[in-house]
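Peer 1: Numbering (numbering that gives the first Met the number 0), first residue to last: 0 to 229.
Note that these hints are calculated values from the structure, not bench results.
Check the hints yourself; a few may be wrong.
No more than 20 Å apart at the CA atoms, straight line, and that leaves these computed lysine to aspartate or glutamate pairs for DMTMM-like [stated by the list, open to error]: (1) K50 / D24; (2) K50 / E97; (3) K50 / E62; (4) K35 / E97; (5) K222 / E134; (6) K35 / E134; (7) K101 / E134; (8) K222 / E139; (9) K50 / D21; (10) K50 / D114; (11) K101 / E8; (12) K222 / E177; (13) K222 / D121; (14) K222 / D142; (15) K50 / E139; (16) K35 / E76.
Pair by pair, the computed Cβ-Cβ distance ranges are [unchecked claim]: (17) T119 / D52: 34 to 44 Å; (18) E76 / S210: 18 to 28 Å; (19) H209 / D83: 36 to 46 Å; (20) K222 / E58: 43 to 53 Å; (21) E205 / D52: 12 to 22 Å; (22) E205 / D114: 11 to 21 Å; (23) H209 / E189: 17 to 27 Å; (24) Q175 / G123: 19 to 29 Å; (25) I226 / D142: 16 to 26 Å; (26) N23 / S210: 23 to 33 Å; (27) P212 / N34: 19 to 29 Å; (28) S210 / N34: 21 to 31 Å; (29) D142 / I64: 39 to 49 Å.
For glycine and all other residues, C-beta sits at the position ideal for the given N, C-alpha and C.
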Amino acid sequence: MLELSDSVEPIHPAATVVLVRDGNDGLEVLLVQRNKAVQHMGGMWVFPGGKVDAADYPEDGDEYIAARNAAIRETREEAGLEVDAGQLVYQSHWTTPEGAKKRFATWFFLTILNDDQEVTVDGGEIANHRWVRPEVAFAELQDEQHPFRLMPPTYVSLVDVADCSCCTEAAALIGQREAIIYAPRMVFVEDGICFLYDGDAGYEREELDHSGPRHRTYMVNGKLEYIREN
């Protein structure tokens, strides 16, 4: 669950990698589980990623290149996989909403793992990993007895590629469009939160019932629902 804060929190640059491969039954995505003992998002399933370090920045301070470097480094550190800049396709950018205890400005990169590298996690910050088809992940999220949980950015990123039958199709889909920018605004609802995104009719005034297009995610009692309608 999202940790909330009463104070104004700094926003830290970060990067994450949506690693995909072609499995026997279609496209699969790599998720890693944060150790339950970790203070921030302990036990949650996420994509490999983390904060941008000072060493990730080039001499000219370019933030995008720094994020790309961080994505490559974090994939190595958290999953034991080597990827290069040519494999990264800029998918989206997420800024944690105001009111959250920890805030990040995160670049998401779609990356195809097209060789036989094996995932290796350190058992420290990252406890487990799994390759999963998006539809399987969605089914587990709907099962109240299943412990599997995702945060909205991870969930929406899975929805983004869920209809793709293979990695090539996913890369073409993401590569032919502009990266989607998400700067969510939180509206509290019964037993949860609605995250409004740019393009939702209620985004500017934070009004859920404002008539018009919908672009939002509901997180209620641990369940997630992403809605995008014109």
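Peer 1: Does each hint hold? Answer for all of them.
Peer 2: Structure-based check of all given hints:
1. K50 / D24: Status violated; Cα separation ~33 Å.
2. K50 / E97: holds (18 Å)
3. K50 / E62: Since the Cα atoms of K50 and E62 sit roughly 12 Å apart, the hinted pair holds (cutoff 20 Å).
4. K35 / E97: violated (25 Å)
5. K222 / E134: holds (15 Å)
6. K35 / E134: violated (25 Å)
7. K101 / E134: violated (29 Å)
8. K222 / E139: holds (10 Å)
9. K50 / D21: Distance ~28 Å between K50 and D21 Cα, so the pair is violated.
10. K50 / D114: This hinted pair is violated, its Cα atoms lying about 26 Å apart.
11. K101 / E8: The given pair, whose Cα atoms are some 7 Å apart, holds under the 20 Å limit.
12. K222 / E177: The hint is violated at about 29 Å.
13. K222 / D121: It is violated: about 29 Å lies between the C-alpha atoms, which goes past 20 Å.
14. K222 / D142: Holds, at about 9 Å.
15. K50 / E139: Violated - the C-alpha atoms of E139 and K50 are around 29 Å apart, more than 20 Å.
16. K35 / E76: Measuring from Cα to Cα gives roughly 18 Å; hence the hint holds.
17. T119 / D52: 34 to 44 Å: Violated - the Cβ-Cβ distance for T119 and D52, about 21 Å, lies outside 34 to 44 Å.
18. E76 / S210: 18 to 28 Å: violated (47 Å)
19. H209 / D83: 36 to 46 Å: holds (44 Å)
20. K222 / E58: 43 to 53 Å: 46 Å Cβ-Cβ, so the 43 to 53 Å window holds.
21. E205 / D52: 12 to 22 Å: Since E205 and D52 have Cβ atoms about 34 Å apart, the given range 12 to 22 Å is violated.
22. E205 / D114: 11 to 21 Å: Since E205 and D114 have Cβ atoms about 46 Å apart, the given range 11 to 21 Å is violated.
23. H209 / E189: 17 to 27 Å: At 19 Å between Cβs, range holds.
24. Q175 / G123: 19 to 29 Å: With Cβ atoms ~38 Å apart, the hint is violated.
25. I226 / D142: 16 to 26 Å: holds (21 Å)
26. N23 / S210: 23 to 33 Å: Given range 23 to 33 Å: violated, Cβ gap about 45 Å.
27. P212 / N34: 19 to 29 Å: Roughly 40 Å apart at Cβ, these two residues miss the hinted range, so it is violated.
28. S210 / N34: 21 to 31 Å: Hint violated: Cβ distance 45 Å, outside 21 to 31 Å.
29. D142 / I64: 39 to 49 Å: holds (41 Å)
This entry does not satisfy hints 1, 4, 6, 7, 9, 10, 12, 13, 15, 17, 18, 21, 22, 24, 26, 27 and 28, going by the numbered hints stated previously.
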